[in-house]
Structure formats: C-alpha cells, structure tokens
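Visitor: Residue numbers (this note's numbering), protein chains in the order written: chain A, 1128 to 1446; chain B, 105 to 387; chain C, 759 to 1025.
The set of hints was computed from the structure by calculation and includes no laboratory data. It is possible that part of the hints are untrue.
To be verified - So these bits of chain C aren't anywhere near chain B, every CB distance computed over 10 Å:
id, residue
1, 764
2, 851
3, 853
4, 864
5, 901
6, 907
7, 928
8, 955
9, 1008
10, 1010
11, 1013
12, 1015
As the list claims (entries may be wrong) - Distance ranges between label pairs, derived from CB positions:
id, chain 1, residue 1, chain 2, residue 2, range
13, B, 372, C, 939, 56 to 62 Å
14, B, 132, C, 892, 18 to 24 Å
15, B, 213, C, 1017, 36 to 42 Å
16, C, 1001, B, 284, 29 to 35 Å
17, B, 211, C, 940, 47 to 53 Å
18, C, 898, B, 339, 24 to 30 Å
19, C, 1017, A, 1377, 55 to 61 Å
20, C, 974, B, 129, 45 to 51 Å
21, C, 939, A, 1366, 53 to 59 Å
What the hints assert, rightly or not - Non-contacting residues of chain C with respect to chain A, defined by C-beta distances greater than 12 Å in every case (computed):
id, residue
22, 790
23, 867
24, 898
25, 976
Glycine included, each C-beta is placed from N, C-alpha and C at the ideal position.
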Amino acid sequence: MTGKAIRVEGVRKEFGRVTALDGVSLEVPAGSHFAILGPNGAGKSTLIDILCTITQADAGQAEVAGFDVRKSPRDVRQRIGVVFQDPTVDTRLTVRENLDFHGLVYRMKGAHRRRRITEMLELVELADRAETPVRTLSSGMKRRLEIARGLLHEPQLLFLDEPTVGLDAQSRARIWEYIAELRTRSELTVVVTTHYIDEVDNCDRVVVIDKGQVRADATPSALKAEHGRTVLRGRPLSPAAAERLLAQFPGAARATDGRLAIPVDDPVALGRMLQETGGELDQIEIDQPSLESVFLSLTGRDLREEPASPRGGRKGRRG
Amino acid sequence: MSDAAPPARQAGRPSAARPPLWRRLGWLLPVVICFALLFALSFLPADRSLRQIDEQGLISVCMPESYPPLVTGEPERPGFEVELVREIAERAGWRLRVSSNPYMGRDFNPRAWHINRSICQMVAGGVALSDTTQAFMDTGAPHLETGWAMLSAGPQEAPEEGQTAAFYAGLAGLDRIGLGQYLRGQGTTARIVQSPAALLEALETGEAEIAITEALIAQTLIAERPDLTLTWLPGELGRIPLGFGFWRGDLTLRREVTRLLEEIESDGTFAELASRYSLDQSR
Amino acid sequence: MMGYLGGVYAIWLREVKRSLRDRGQLIGGVSRPLLWVLILGIGLNPYFRGEVYGEVRFVVPYTYLQFIFPAVVVLNILYTSVQAAVSLIWDREFGFLREVMVSPMPRNLVLLGKILGGATTAVIHGCMVLVVARFVGVPLTLMDALAAIALMFTLSFGLTSFGIVIANYVRGFEGFGVFSNAVILPLYFTASSVFPLDPALTRAQTLAIYPEWLVVVVEWNPLTYAVDAMRGILINFNQFDPTFDLRVVGIMTLVLFLVAVWEFRRV
Chain A
1128 MTGKAIRVEG VRKEFGRVTA LDGVSLEVPA GSHFAILGPN GAGKSTLIDI
1178 LCTITQADAG QAEVAGFDVR KSPRDVRQRI GVVFQDPTVD TRLTVRENLD
1228 FHGLVYRMKG AHRRRRITEM LELVELADRA ETPVRTLSSG MKRRLEIARG
1278 LLHEPQLLFL DEPTVGLDAQ SRARIWEYIA ELRTRSELTV VVTTHYIDEV
1328 DNCDRVVVID KGQVRADATP SALKAEHGRT VLRGRPLSPA AAERLLAQFP
1378 GAARATDGRL AIPVDDPVAL GRMLQETGGE LDQIEIDQPS LESVFLSLTG
1428 RDLREEPASP RGGRKGRRG
Chain B
105 MSDAAPPARQ AGRPSAARPP LWRRLGWLLP VVICFALLFA LSFLPADRSL
155 RQIDEQGLIS VCMPESYPPL VTGEPERPGF EVELVREIAE RAGWRLRVSS
205 NPYMGRDFNP RAWHINRSIC QMVAGGVALS DTTQAFMDTG APHLETGWAM
255 LSAGPQEAPE EGQTAAFYAG LAGLDRIGLG QYLRGQGTTA RIVQSPAALL
305 EALETGEAEI AITEALIAQT LIAERPDLTL TWLPGELGRI PLGFGFWRGD
355 LTLRREVTRL LEEIESDGTF AELASRYSLD QSR
Chain C
759 MMGYLGGVYA IWLREVKRSL RDRGQLIGGV SRPLLWVLIL GIGLNPYFRG
809 EVYGEVRFVV PYTYLQFIFP AVVVLNILYT SVQAAVSLIW DREFGFLREV
859 MVSPMPRNLV LLGKILGGAT TAVIHGCMVL VVARFVGVPL TLMDALAAIA
909 LMFTLSFGLT SFGIVIANYV RGFEGFGVFS NAVILPLYFT ASSVFPLDPA
959 LTRAQTLAIY PEWLVVVVEW NPLTYAVDAM RGILINFNQF DPTFDLRVVG
1009 IMTLVLFLVA VWEFRRV
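Next up, chain A with everything else stripped away, as it sits in the complex (with noise of 0.2 Å):
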C-alpha cells in the first residue's frame, strides 16, 4: 500500500450536546510516524475510536488503509491493531495465552501463530514472561505486551492511544524505544496520541487538536519555526499581580502549578519584560521554543493546564 494509511475528512461527533469533534480533517502518508496532540477531553480518543470503528461518526469520512471505515468496518480493523488507553488485557490468562487468543480472534494459522507470538515477545522483551499471568506483570509489562498484542497478526497501521500514560519515566522511555524500533523494521504506519509534548518530538507528523478541531498540521520542526515562542514562566507574587499581568500580556494563561506562562514574541524585548514583570513574579523560569509553546500559542492554552483524569469514572483495577 502507498499513498494514504488514513484519509479523514470533514470528522464530527456529537455526545449529547458535547461536540468531541468538530470537522476534523486529516491526511496520513503511509509509513509514516504520526502523533496527535492535544489535552485530555480534546478528543483525540474519539477521533481514534471512529478510526478503529468503535464509534461511528455523525458526519464525515474516514478512510483507514484504504476502506472506508463505515461501510467495511471489518476489512479496517483486521489491518489495524490498537493499542487502548486503558489496558484490555486479561490479567488471569498468561501472556502467551492472550496473545495466542488474538492471533485465533485474528486468524493468524496455527504455526504461523506460534513464531509471531516468539518474535513479538521478543520484541518487547517478554519472552521470559510468556507463562507467567498477566496480573502478576507491572504495569509497564502489561503496555509492552499489549503493543505486542497489537503488532501480532502484522497490520499496517498501529494506533497507540495515549501509551505511555500511568507509566513512570523509564517504562516510558522503553515503550518508545520500541516504537522507534518499529520504525526502523517495517512500513508499519504508527498512529500515537499523547499529551505528553516531549513524546513527539520524533515523530515525522504532528497534529494538533484542542476542542475538537484541527489547530495544525506540520513536522514538529516546522511547527517549531511557525509557531513556537520563547515562554517565560513565574509565579504571580499575589494574586492582584497575576491578574494585573494577565490583564497585560493578552497571550498569558495560568498552568495549573499556579504560575503564569507568559509568551515572548520578540526574543529582544526579553529583557524588557523581565523588567516589566520582576517585581511580581519570582521562580522565574525562560522556556526556549518547543512543542510545548507552539501548543501554548495554537490554543492559548497551557498543556499542562487540565491534570490529567482518567475516562468515564472507572474503578481501581482489581482481579
């Protein structure tokens, strides 16, 4: 396959009188490495979910590996794997057994079967683990087997739906250490989504999303250039000084931490506004141009904005 691995055009949803997407269109070469960024509620889930044809969209059309994702669900999904947000894997099987059900589910041949279970084992550096049931694993197991799971029955398309989300720091840097494995290997198109804006640097294509809508569509380089800013960051002395400063500098926005992120858009007046603001602020820090800031002036709005809460009230995980 050449060409496109997606095709979305004019995408909306409605849940209720809550509009998760608003005309979203976009294009993904195939091959390519692809992140979408946006903060929780942005609608990046749903937007994976009409992708993978859990959900239908209201209006709109999606193509994924060149079917249409209403009108044959099921050709899209046997070449598509999904890695979710939440784990789906089963804690009381072991791993081979949950990745030997996927291939069945799949219709992966019974050898055939067997030595990709071997390879993606490997892969993720489980094979160690393959007996042993899933509950026992740690949390970062649990997401490596599930990409392994997803890569089983060889799509073309991965979706990894905020992967590293609930993981600490090095189980993080190992999930992306395997994707970028991946990338090296195969054609493998590799769909990610995340708030976490360290995480796409790497990746060939970034989409931005807030509230339901496209807010751009670049390289992260490109984005970069465009659009990033150099942020000064500080926390307001009183609470009069952060409203007079927000009442100053229009781009400002408060972060949850409490401090102020102030966009800087001439590097020279720097100096000035350090000036400008020194008496007020104190913990005064100078963010250089990254994804981070080209966010910030996409949507007005920092990333680090909303914490991020699980979905739909789910319960701690037992069993």
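Assemble the complex: chain A is given as a structure, and chains B and C must be docked to it using the hints.
Guide: Just chains B and C now, with coordinates in the frame of chain A:
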C-alpha cells in the same frame, strides 16, 4: 511499579514450537481436583442403618409366609429368596431373623403389610418394584423379573379367542386389573383356581386350554411338566422387576446389600440357587 | 464466517479457562453439591419418608436425597451460567471487551463464543454434582449421564444468554451477591426444586395444600420444567409431561438466545 532490569534478549531464531502438553493442559488441574474431592466425599456413610445392624450382628427381614418358589415354608427347601437372603447375611457376618408376614401375600400395597422399622430392616420375598412400592419404601436394584406367564400344551403366542384360562394369582404386586382387561380383549374366559397344582389339573382335565399365572410359579411348574410350553404375556404384563425393599434413607444398608448381591451374582452362587428352584432368568 | 471458527474457539477457551481458574467459582461449584446434597439432603431425608401408614400425603417414590439431587444439578448450572454475566461485566469494566470489539470478528460470533464458553463451564459444574450420584443412591448409566449432559447444555446455553442480557442492564459491578439473592435463589426456590407439587394430586387438591400464589409462581417459572426434565432423566420422576418440559426448556433457550443477540448489538 518500575520495571526490573530488562531481560537479556534471547538468542537464536524464534521457533514455532508448541509448549509441552502438560503445560497447555495445566489449567485443568483445579477442576480435576474438585471432581476427585467430590467423588471421594460421596463415599461418606450417609446414615447409621448399616452400623446398627453391624453392631447387633442381626438383620430382620420381612417375608411373606408362603410364596413359592421364593418362599415355601419347607425347612429343607425354604425358598429362593430365603436362601438368597441367608447367603447375604452369611457373607456380611449377620445372623438372620425372618419375620413371616401374613399380609404380604394378600395385598400388593406395602402400606397394608403392617410392617414398620422395628419389625424388620429389609423386606424380601418378591417385592415388586412398582410405583406403589416405591412411594412407600426404597428399593434396591431388581434381581429377578416376573410378570404374567402362560402355560399351554403346544406353542402359542397369546391367549386365543374362545379359550378358557385357568388362573392362579400367586403373588401380590402384579397388575390383575390389567391382566383382566387384556384377557377380555383377547376373548379368553378366566377360571380362578386356588393353587399351582390346580392349574396343572385344570389343563389335564381339559377344563382349561391354557393356564395363566405369575411367571416364577409357571417356571417351577414347567420344571415338573417339560411337555408344556411357557410363554410370557406381552408388554407391561410380562415385565415386573422384583427386588428387596428398604426403609427410606437407609442408604448404607441398601448399598451394602446391593454390593453383596452383586458379589453373589458374579461368583455364580446366584445362578446355582436359581437353577435349584428352576427359575429361568435368561430372558 | 467459517474463518472465524478459530475466533469462536478462542473466546470459548478463554471463557472456560478463566472460570476454571477462578477459585471462588470453583469453591462455589464444589460447596453447593456438598451443602445441598450432603448436608441438606441428609438432614431432611428422614422427614421425607412414607413409612407411617395411613395418612401419607405425598407419593413421591424417592428419598429426599434422590428428589433434590437433580435440582442441585440445575442450581449449579444456574449459578455458573449467571456468572457469565459477571464475566461480561468484568470484560467491560476492565477493557477486555474493547480488544474483542476492535477485532474483525462479527459480534454475533463473539456472543456465540461467550455463550458456548459459559455453557461449557456450567456443564462442568453440573457434572460436579453428578459425581456424588453414588452417595445419593441414583444409579447413573452412561446413557442417563449423556442425556443429562445434553439437557444441561441446552439449559445452560439459555441461562448464559440470560446472564448476558442481565449484564447489559447492570452498570457497574455490585458483586455477585446481588445476583445470587435477587435472581438465582428466587428462581431456584420457586422451581419445585426443594419441595414437590404432588403429581398425583389434581390442581384443585394442590391448591388446597399450597396457597395459590405459590402454585402459580411455580407453574410460571420456566425452571420448574427444567428441574422436572432433569428429574425425569436422573430418577425417572416427572411432575409434568416430559415432552412439555423439553418444549419449555427448548423455547426458553431459543428466546433467551435471540434476546441476547438483540441486546449484544449495543454492548
């Protein structure tokens, strides 16, 4: 929740080998254990009936006063059931007390036998395993089969129209009403006689062309008169299982008696006894 | 469709493996025959005798142990089948359902695999009760056992479908105790499982002994006929017409399966 140090990547080509069978079926083990446990527990004694008899060393068995050939009342040839029960008691190491019951031969409903737990622990001597009996007591596996049989001078499949049948009822528990209906349907007249011997007499004098009686009696008669032909009456009339009766809930006793009976059957003692009383159970 | 048989097998196998690995469920499967047959059965056995001549009302020609034994088989099936509902709720709560729903398998086959898996487990649990047949004094021939297993399978297929329908309406997982007290035990107790409605009595006579509401509930409970059919197979005792029993079980299974198919579209 951080991962342990990454395991060394395994060397060598990935293989498609299946894991060994025991490993693939290992998950069945708990179920097997459960089945084994329940099976083992089902060997627990369910009541004290057997214990009590073992402790006293005595079993009382209710039997009819006379019901040849199962119970005859003759000391040297006491009857098939008497000898069978004696054999069972002997093997179990119990003394046997036979409690002769005058009501048993008269009525087929065990409720009318005037027996209770204090009189006997077991009922023998031709207990028909019918619903009526089972509503009152628990029964073991059948070891004999009876029903209505016909004796005739020549081979004949069923009573024929215009024939007269000499009839001796013998044991209770058999469906006389059903037989009566059947005979009427065949157009046969029945003449009731009072003893087995009277049956043969009736055939000899020509008073009747055929004789109908309970099958076990017919079998002893044909041992005396091999020139006659014995035919079982068809359908339900011909198949009534006989066994031992026990009181409800006396599971352990019933189980032990059944076990001994199987032993007696398998070592040939049963067949020997049967042939001594000319019982043909080969059907 | 045929290509997905492997998938049905995978879902079936997972379902069976999971429940057979679930210690709680296994303990239940073992303890029910123990409690109901060995304890309750023995305890009530002496009171179920007809040895007092004269006023004997019930002519159930069996010991209480024998009488209750087929009902306990049904009870074990009932518990295990409805537990399939719990399995589905877990799948939904812990996300595994998404893994299946995003796979190319058609939904009806996913459902079929699940029901078959639940039914298989239920039959295994039913067989656990059959193992104590010796204790109860029920002679079990191979043909009887096979007929019982066939009936168990039909019944548990229907009851598992029922469980899946319930699961669709239960949001959040309240624990199995709710199911047990609100669904299973009421169904079981009103199925003429622990007391007989004497088949020798006319309906008028039955109503003279029991209050009408109880008789009506028993008569309208489809499980009554399942228990009766099981009694017919295991101890040759029927309170109702055996063909009617089988018809009720068959229709119930079919209807529940169709409802489950209908409900599963929107899981």
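Visitor: For each hint, tell me whether it holds in the structure or not.
Guide: Each hint tested on the structure:
Residue placement check: residue 764(C) keeps its beta carbon more than 10 Å from all beta carbons of chain B (closest about 16 Å). At the 10 Å boundary, the C-beta of residue 851(C) stays outside the reach of chain B, the nearest C-beta of that chain being 21 Å off. At roughly 18 Å, the least C-beta separation between residue 853(C) and chain B is larger than 10 Å, which holds for a residue marked as non-interface. Non-interface call for residue 864(C) relative to chain B: holds, since the shortest CB-CB distance, roughly 28 Å, exceeds 10 Å.
Taking the minimum C-beta to C-beta distance to chain B, about 16 Å, the non-interface status of residue 901(C) holds against the 10 Å cut. In this structure residue 907(C) is separated from chain B by more than 10 Å, as the shortest Cβ-Cβ distance comes to about 14 Å. Chain B leaves residue 928(C) outside its interface by the beta-carbon criterion, the shortest separation being 27 Å against a cut-off of 10 Å. Every CB of chain B lies more than 10 Å from the CB of residue 955(C), the least distance being 16 Å, so the non-interface label holds.
With a closest Cβ-Cβ approach of about 28 Å to chain B, residue 1008(C) is found to remain outside the 10 Å limit, as its non-interface label requires. A cut-off of 10 Å between C-beta atoms confirms that residue 1010(C) is not in contact with chain B; the least separation is 28 Å. No beta-carbon of chain B is positioned within 10 Å of the beta-carbon of residue 1013(C); the least distance is around 31 Å. Once the 10 Å rule is applied to beta carbons, residue 1015(C) is consistent with being away from chain B; the minimum gap is 26 Å.
A hinted range of 56 to 62 Å holds for the C-beta pair residue 372(B) and residue 939(C), which are about 58 Å apart. Checked against the hint of 18 to 24 Å, the C-beta distance between residue 132(B) and residue 892(C) comes to roughly 23 Å, which is consistent with it. Here the CB-CB span from residue 213(B) to residue 1017(C) is close to 50 Å, at odds with the stated 36 to 42 Å. A C-beta distance of roughly 30 Å is found between residue 1001(C) and residue 284(B), which places it inside the suggested range of 29 to 35 Å.
Restraint check, residue 211(B) to residue 940(C): a C-beta distance of roughly 51 Å satisfies the suggested window 47 to 53 Å. A C-beta distance of roughly 27 Å is found between residue 898(C) and residue 339(B), which places it inside the suggested range of 24 to 30 Å. The hinted window of 55 to 61 Å between residue 1017(C) and residue 1377(A) holds, with their beta carbons roughly 59 Å apart. A C-beta distance of roughly 49 Å is found between residue 974(C) and residue 129(B), which places it inside the suggested range of 45 to 51 Å.
Taken as a hint, the range 53 to 59 Å holds for the pair residue 939(C) and residue 1366(A), whose Cβ atoms sit roughly 55 Å apart. Residue placement check: residue 790(C) keeps its beta carbon more than 12 Å from all beta carbons of chain A (closest about 22 Å). Not every Cβ of chain A is farther than 12 Å from the Cβ of residue 867(C); the closest lies at roughly 10 Å, contradicting the non-interface assignment. Every C-beta of chain A lies more than 12 Å from that of residue 898(C), the closest at about 33 Å, which supports listing it as non-interface.
Every CB of chain A lies more than 12 Å from the CB of residue 976(C), the least distance being 38 Å, so the non-interface label holds.
Of the numbered hints stated above, those contradicted by the structure are hints 15, 23, listed in ascending order.
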